[in-house]
Amino acid sequence: MLNYLWSGMIIFAILIAAFSGGMEAITQSALDSSMEAVDLAFKMCGSVAMWTGIMRIAEKSGIIEGLARKMGPVLRFLFPDIPEGHPAQKYIATNMIANVLGLGWAATPPGLKAMEELQKLNKKKDVASHAMCMFMIINISSVQIISINIISYRMQYGSQNPTEIIGPSILATLFSTLVAIIYGKLKYRKE
Amino acid sequence: MKWILVLSSIMIPLVIISVITYGLLQGINVYDAFAEGAKDGLKIVVRLLPTLIGLMMAVGMLRTSGALDGITRLISPIISWTNFPEEVIPIALMRSVSAAASVGLILDAFKMYGPDSFIGRLVSIMFGCTETIFYTMSVYFMTVKIKETRYTLPGAIIATFAGIVASYYLTLWIFGA
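As you go down the protein sequences, you meet chains A and B in turn.
My numbering applies: residue 1 is where the first sequence begins, and numbers increase by one.
My numbering applies: residue 192 is where the second sequence begins, and numbers increase by one.
These aren't lab readings, by the way, just hints derived from the structure by calculation.
Quick caveat, the model's predicted, so the values are computed rather than measured.
It is possible that some hints are incorrect.
DSS-like, lysine-lysine: derived pairs with alpha carbons at most 30 Å apart [unchecked claim]:
| no. | chain 1 | residue 1 | chain 2 | residue 2 |
| --- | --- | --- | --- | --- |
| 1 | B | K234 | B | K338 |
| 2 | A | K123 | B | K338 |
| 3 | A | K125 | A | K60 |
| 4 | B | K193 | B | K302 |
| 5 | B | K193 | A | K113 |
| 6 | A | K43 | B | K338 |
| 7 | A | K60 | B | K230 |
| 8 | A | K120 | A | K43 |
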């Protein structure tokens, strides 16, 4: 995807610049932007490392498992088709908690495991089950509560209050997830 | 609406103190765990760097060539009946296709309008409540060889759209235009 997107962006930019006569400007811009990227990454190191450090403590002390175990009622409501105590429940819960905490790398493996377990319960093997659709829609609606990357980008570009967007972000993500759940539930009722 | 900003300011310290306290109660060497995680964080940034260079370069060139403004102008008649800033449309569209490319556009918006402008705040909030739809769907469904994804795509698009609309009104409501 990125392969064509990236090359398309650059080729398009150069062609436009060739017609409008901005070749020097675009050369300058290519050089400036790449230097700016290094500067940005260098300064991001601090806040990102701080946050992944804190999150490693969370991972090691078993917060993910602890919270995942408490998700029983939520899972029963969202996925009534999954039998009680089925491994799919555990994997879905782990995936969701890791996503909430913004631990993308810890979320994908249990997420894929969850899909495999859901596939075992699925009757038509090439058609997505209700549980799969619901799981995917919630996943895509994003449930992350703090995005440290956005905060460090804001900091880097001189924001007076880089973290002011955390509260509104949580509300926005709650809303989109709520819409996702309502949509999934309506579809479930219909069929 | 004040409580939302209070929430913003206490969230990070709250997470930090809960995590450290919980870790100590579980008998973890929290300092070692922190150092280990911080080291991984550095690796994450290093791994991110080539992507960042590539995409900031591409977006920077698009901006300089005037193509970005051209795309915005093409889209603007479609949404001119709303007050939604047209500059944000390319970012919103890109977000569902590629996270990395949308970061490039977000950084460009921060540079052009400032992170504390209406657009800057809107894209910050929007980024957190949306996901890359097509990538996520293909990775998850491909592992279990599902061909018919039924209502996943419409559901994902509706949820994403809801997130964008919510971001817009929350930005307006909390920070003003």
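Okay, the hints, checked on the actual structure:
| no. | hint | in the structure |
| --- | --- | --- |
| 1 | K234/B with K338/B | violated, 36 Å |
| 2 | K123/A with K338/B | holds, 14 Å |
| 3 | K125/A with K60/A | violated, 36 Å |
| 4 | K193/B with K302/B | holds, 28 Å |
| 5 | K193/B with K113/A | violated, 41 Å |
| 6 | K43/A with K338/B | violated, 43 Å |
| 7 | K60/A with K230/B | holds, 15 Å |
| 8 | K120/A with K43/A | violated, 46 Å |
Hints 1, 3, 5, 6 and 8, counting from the list given before, are not met by this structure.
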